[in-house]
Each structure stands twice: as C-alpha cells, then as structure tokens.
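Participant: Chain residues, written in single-letter form:
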Amino acid sequence: MTRTILHIDMNSYFATVEQQANPYLRGKPIGVRGSANKRTIVAAASVEAKKFGVKTAMSVQEAKETCPEIILIVGEPRKYSQVTKKFIEIFERYTDKVEIFSIDEAFLDVTGTMHLFGGAKKIASCIKNDLRREIGPWLTCSVGISYNKFLAKLASDMQKPDGLTIITPGNKDRILLDSKLDDFCGIGPKILKRLNLLSIKTVKELRETGDLDLLKEFGIYGLKLKRMARGIDHAQVTSWRNQSEAKSFGHSRTLNKDVSSSEELKKHICLLSEKVATRMRKEQHWCQEISLWIRLKDFSHLAKSRKISYWTCSGEDIYRISLDLLAQLNPTEPVRAIGVRAASTKHARFIPASLLPEEKKKERLLKTLDMINDKYGFYAIKKARVYDMRIKEVVSGLGRKKF
Amino acid sequence: MYQKVDQKIRVLADFYNGSIQPRKFRWDNKTYVVKRVHLSHQEREGSAINYNFAAETEGGIYKISFNSESLFWTLKEYFLE
Numbered sequence: 249m250t251r252t253i254l255h256i257d258m259n260s261y262f263a264t265v266e267q268q269a270n271p272y273l274r275g276k277p278i279g280v281r282g283s284a285n286k287r288t289i290v291a292a293a294s295v296e297a298k299k300f301g302v303k304t305a306m307s308v309q310e311a312k313e314t315c316p317e318i319i320l321i322v323g324e325p326r327k328y329s330q331v332t333k334k335f336i337e338i339f340e341r342y343t344d345k346v347e348i349f350s351i352d353e354a355f356l357d358v359t360g361t362m363h364l365f366g367g368a369k370k371i372a373s374c375i376k377n378d379l380r381r382e383i384g385p386w387l388t389c390s391v392g393i394s395y396n397k398f399l400a401k402l403a404s405d406m407q408k409p410d411g412l413t414i415i416t417p418g419n420k421d422r423i424l425l426d427s428k429l430d431d432f433c434g435i436g437p438k439i440l441k442r443l444n445l446l447s448i449k450t451v452k453e454l455r456e457t458g459d460l461d462l463l464k465e466f467g468i469y470g471l472k473l474k475r476m477a478r479g480i481d482h483a484q485v486t487s488w489r490n491q492s493e494a495k496s497f498g499h500s501r502t503l504n505k506d507v508s509s510s511e512e513l514k515k516h517i518c519l520l521s522e523k524v525a526t527r528m529r530k531e532q533h534w535c536q537e538i539s540l541w542i543r544l545k546d547f548s549h550l551a552k553s554r555k556i557s558y559w560t561c562s563g564e565d566i567y568r569i570s571l572d573l574l575a576q577l578n579p580t581e582p583v584r585a586i587g588v589r590a591a592s593t594k595h596a597r598f599i600p601a602s603l604l605p606e607e608k609k610k611e612r613l614l615k616t617l618d619m620i621n622d623k624y625g626f627y628a629i630k631k632a633r634v635y636d637m638r639i640k641e642v643v644s645g646l647g648r649k650k651f
Numbered sequence: 016m017y018q019k020v021d022q023k024i025r026v027l028a029d030f031y032n033g034s035i036q037p038r039k040f041r042w043d044n045k046t047y048v049v050k051r052v053h054l055s056h057q058e059r060e061g062s063a064i065n066y067n068f069a070a071e072t073e074g075g076i077y078k079i080s081f082n083s084e085s086l087f088w089t090l091k092e093y094f095l096e
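Chains as they are written, first to last, in my numbering: chain A, 249 to 651; chain B, 16 to 96.
No lab work stands behind these hints, which were simulated from the structure alone. Worth double-checking, as some hints may not be accurate.
[As the list claims (entries may be wrong)] Simulated restraints, written as ranges between beta carbons of each label pair:
1) A:D421 with B:Q57: 22 to 28 angstroms
2) B:Y31 with A:D344: 27 to 33 angstroms
3) A:E382 with B:E96: 24 to 30 angstroms
4) B:G75 with A:D426: 46 to 52 angstroms
5) B:E96 with A:F598: 54 to 60 angstroms
6) A:Y469 with B:A63: 20 to 26 angstroms
7) A:K299 with B:F30: 25 to 31 angstroms
8) B:Q57 with A:D344: 21 to 27 angstroms
9) B:A63 with A:N490: 29 to 35 angstroms
10) B:Y31 with A:D622: 28 to 34 angstroms
11) B:Q57 with A:Y558: 49 to 55 angstroms
Every residue, glycine too, gets a C-beta built ideally from N, C-alpha and C.
Whenever a hint applies, use it, and build me the whole structure from the sequences.
Facilitator: Structure, rendered in structure tokens:
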C-alpha cells in the first residue's frame with residue numbers, strides 16, 4: 249500500500265513566535281539569541297533577517313555586521329515548547345501517527361486517515377488554517393507531501409515560507425536530479441566534503457557510484473546515501489508517544505568568558521552534573537557512563553568518558569566522576585565551553601533496588617530535594633557550592649522530542 | 016524597545032470556559048485597555064502555573080502574567096515602538 253506522509257516545518261520558528269507575540273516586530277529583521285551572554289549565537293532569524301544574509305547559528309556580532317538593523321531578542325524556550333505542544337495537538341486531530349522530528353518539525357503519516365478529511369492536500373490546508381486561527385496569523389509552515397519520509401522532508405524544504413510541495417513517483421526523479429546533494433536531510437558539510445573527495449558532486453553521480461566505493465568510504469551509511477539519491481526510504485513514522493526513551497542526558501554551557509581557574513570550572517561542572525541528574529530522576533533513569541567534554545579558547549575539543557560498575561542518578565556521583573575526568577583531560581588552555589553527559593541509561597524499573605541502608609538514605613534525600621524543588625521552583629534548594637551561580641531551568645522537551 | 020518591569024498590577028479579566036482573557040489593567044496610575052492578546056503560554060514555577068499574555072494596548076505590547084497560586088497579576092515587561 250502506498251503511504252502518504254506529510255512533513256511540516258514551522259518557518260523561522262522562534263523568530264516567528266516572537267513576531268506573533270509582538271506585532272511591532274513583524275516585517276522587521278529580528279533574531280532570537282541564546283542569552284544575554286556576549287558569546288551567544290542567533291538561534292533563529294526571521295524571514296526578513298534571512299534576506300539580509302543572517303543565518304541560524306551565526307554569532308551575534310556577525311549577525312549585527314551582516315544586518316545592522318537586526319533586532320535581537322533573548323529567546324524563551326518555554327514559550328516555544330508551549331507553542332510546539334499546541335501545534336502537535338492540532339496535528340493529532342488528523343492522524344495518531346505524529347513523529348516529532350525537532351521542536352519545529354514533524355512527520356505525519358496520514359495513509360489511514362486522509363479519506364476522512366478529503367485527502368492529504370486538504371489536511372495540509374486545514375492544518376495551516378488551524379495554526380493561523382488557534383496560535384496566530386503570523387505563524388506559517390511549509391508542508392511537504394510524499395510517499396516516504398525522506399521525500400516529504402525534501403518537499404517541505406522546497407518552498408519557504410508557507411509552501412506546499414508534493415513529490416509523486418512521477419516527478420520524483422526530476423526533483424531529485426535537480427537537487428543539490430546538501431539539500432538532502434542527512435548530508436551535512438562533512439559528508440558533502442567526503443562525497444566531493446570521491447568526485448561525487450551531483451545526485452546523478454551519487455546514483456552512479458558503485459556500492460563498494462560508498463561502503464568503503466561511509467560503511468553502511470554509504471548505501472543509505474545511495475538510496476537517498478534514488479528517493480528510497482522505508483522508515484516508518486513513529487508516533488512521539490511510542491518513541492523510545494532517551495539514551496543519554498547532557499547539558500553544556502558556553503562560558504561568559506574563558507575560564508582557567510579550576511575552582512570555577514568545578515562550579516560549572518557541579519551545576520551541569522546537578523542538571524543532568526535532576527533530569528534523569530525526573531524521567532526515572534539511571535546511568536552507568538559519564539562523559540565530560542570541554543572546548544578550549546582555540547576551539548579545540550577534548551572529551552573523556554568513564555563506564556562505572558554501579559547505577560546512579562545522583563548529581564554528586566556524576567560531579568565526582570566528572571572531576572576525575574577533568575583531571576585526566578588537564579586543559580592547558582582557558583576553557584570556552586563545557587558539557588557533562590550521562591549515557592548507558594536504563595529506566596529505574598530495570599535497576600535492582602539497593603539494600604544498603606546508606607544507599608536508601610541517599611535515595612530518600614534526593615527524592616525529598618526533588619519534591620522541594622518541584623513545589624517551590626527549580627533549584628529553590630541547591631548545593632552551597634553553586635549558590636552564587638545563575639541557573640536556567642531545564643525545559644523539558646527541547647531536544648528530547650517529548651512535549 | 017523592551018523594558019523589564021516585574022511589578023504587580025491590577026487586572027480586569029474574563030475567566031471563562033477554561034481560558035483567561037485580560038481586558039484592562041492598571042499600572043503607574045494609568046488604565047490600559049487590552050485590544051488583543053497576540054500569544055499566550057503557560058509555564059510552571061514550582062507547583063504554580065504562570066499564565067503569560069502578550070497583550071496589545073494603545074501603542075505597545077505588554078507581557079502580563081497571572082500566577083495560579085498567589086493569584087497575583089504581574090507586568091513582566093513592555094515593548095513600545
């Protein structure tokens with residue numbers, strides 16, 4: 249049975265939400281920045297700012313140079329997460345198979361429901377109307393319709409903003425052969441460079457390259473690249489409600505200034521460890537692997553991870569192991585950014601309960617601390633070690649595909 | 016430009032059918048009539064929920080917030096062109 253998949257991409261999402269909230273910003277070049285930190289980047293640029301050449305992930309300084317009129321706004325992740333929740337509610341009116349691809353993109357498999365609404369095109373137009381009516385008229389999306397996820401995503405990227413593109417078996421080859429390799433979801437700058445080194449510069453050349461050459465360079469991913477060039481994708485749309493649980497939990501921060509002092513680095517590590525552990529406990533996960541990464545002043549990257557023999561969801565354990573990892577990394581240059589990650593995770597129901605009284609006591613303490621923070625606000629109670637640090641709340645959903 | 020305020024304000028609002036619609040508010044000895052709410056969103060603060068509204072009045076956008084636990088309305092920030 250031929251499937252019908254919609255890919256919906258909210259246009260210039262964070263910037264559009266800000267323009268929706270404030271009509272005085274509409275029609276103007278705006279950028280949503282990460283924080284008041286001088287080193288932050290532009291997380292999203294409005295359609296108007298993009299016309300000046302402002303791009304996502306540009307530094308604030310670069311964005312101001314590219315477009316001196318740009319209005320920069322500090323983003324509010326919780327606001328965007330809430331709007332995402334609203335548009336997912338709208339999508340679920342038309343199918344139960346809604347896969348959240350990122351905070352501003354989703355796949356909808358409407359194969360089994362489109363006859364109820366008059367077809368896929370009609371569903372796309374109903375969704376556009378619902379979004380305008382229920383969230384706001386400034387919020388637009390581009391919709392791609394096709395018979396697999398890869399082509400639906402390619403289609404939605406073809407007309408922006410507010411587009412609707414359909415790729416059928418009939419027009420598939422023309423569209424694919426007219427596309428650039430990096431138009432494909434899954435071909436970023438690094439893969440593109442490696443393809444170019446193999447003298448593959450067009451979709452046609454990728455189609456004609458032998459499987460063995462691709463396997464040699466990319467492993468199994470090489471065959472996937474070839475399937476992309478032919479528009480083949482058998483991946484299913486998995487409802488976000490059934491998506492597998494997180495495999496890792498990580499937090500990082502770009503520091504306001506380069507840091508050399510190990511005492512200050514320890515404070516940041518402590519804070520990040522607590523954030524990782526709090527989120528794990530919220531989602532009832534325990535971990536058995538801790539990683540620490542740092543980016544130095546010269547943008548070089550150092551990382552180290554350690555497997556541990558026991559399960560933990562305690563910030564103190566993560567902090568202690570991260571400090572060991574920091575000592576091993578022994579950064580000789582000032583640190584620009586730092587991150588802590590917990591991996592090899594399991595849901596608490598699969599972890600055998602400890603019988604040791606001191607472990608039980610620790611668990612009770614953590615549970616009580618979580619309850620206090622839950623009632624009185626994020627980090628109403630926190631470690632003395634980080635009492636003077638500004639702590640941003642963890643926004644559930646951003647990057648977890650759960651809202 | 017945006018100006019942060021964070022002051023408690025007096026608000027006249029409709030609570031109807033599970034939604035809140037601010038109609039007027041008083042701040043700095045002046046009454047502001049809400050012409051339109053352009054975006055609303057909720058956020059948790061401990062066990063309380065803050066209901067945030069981007070409310071347009073004559074000449075500006077005011078971000079006002081209702082706390083479900085304290086029942087206070089707060090003017091968080093405003094934007095004047």
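Participant: Take the hints in turn and mark each one as holding or not.
Facilitator: Hint-by-hint comparison with the structure:
Judged by the Cβ atoms, the range 22 to 28 angstroms given for D421 of chain A and Q57 of chain B is violated: they are separated by roughly 47 angstroms. Separation of Y31 of chain B from D344 of chain A is about 31 angstroms and conforms to the stated range, judged on CB atoms against 27 to 33 angstroms. In this structure, E382 of chain A and E96 of chain B meet the distance hint of 24 to 30 angstroms, their C-beta atoms being roughly 27 angstroms apart. In this structure the hint that G75 of chain B and D426 of chain A lie 46 to 52 angstroms apart at CB holds, the actual value being about 47 angstroms.
Taking the beta carbon of each, E96 of chain B and F598 of chain A are about 56 angstroms apart, inside 54 to 60 angstroms as hinted. At about 48 angstroms, the CB distance of Y469 of chain A to A63 of chain B disagrees with the hint of 20 to 26 angstroms. In this structure, K299 of chain A and F30 of chain B break the distance hint of 25 to 31 angstroms, their C-beta atoms being roughly 43 angstroms apart. Checked against the hint of 21 to 27 angstroms, the pair Q57 of chain B and D344 of chain A passes, with Cβ atoms roughly 25 angstroms apart.
Here the CB-CB span from A63 of chain B to N490 of chain A is close to 32 angstroms, well matched to the stated 29 to 35 angstroms. Taken as a hint, the range 28 to 34 angstroms holds for the pair Y31 of chain B and D622 of chain A, whose Cβ atoms sit roughly 30 angstroms apart. For Q57 of chain B paired with Y558 of chain A, a C-beta distance near 39 angstroms fails the hint of 49 to 55 angstroms.
In this structure, the earlier hints numbered 1, 6, 7 and 11 are contradicted, and the remaining ones agree with it.
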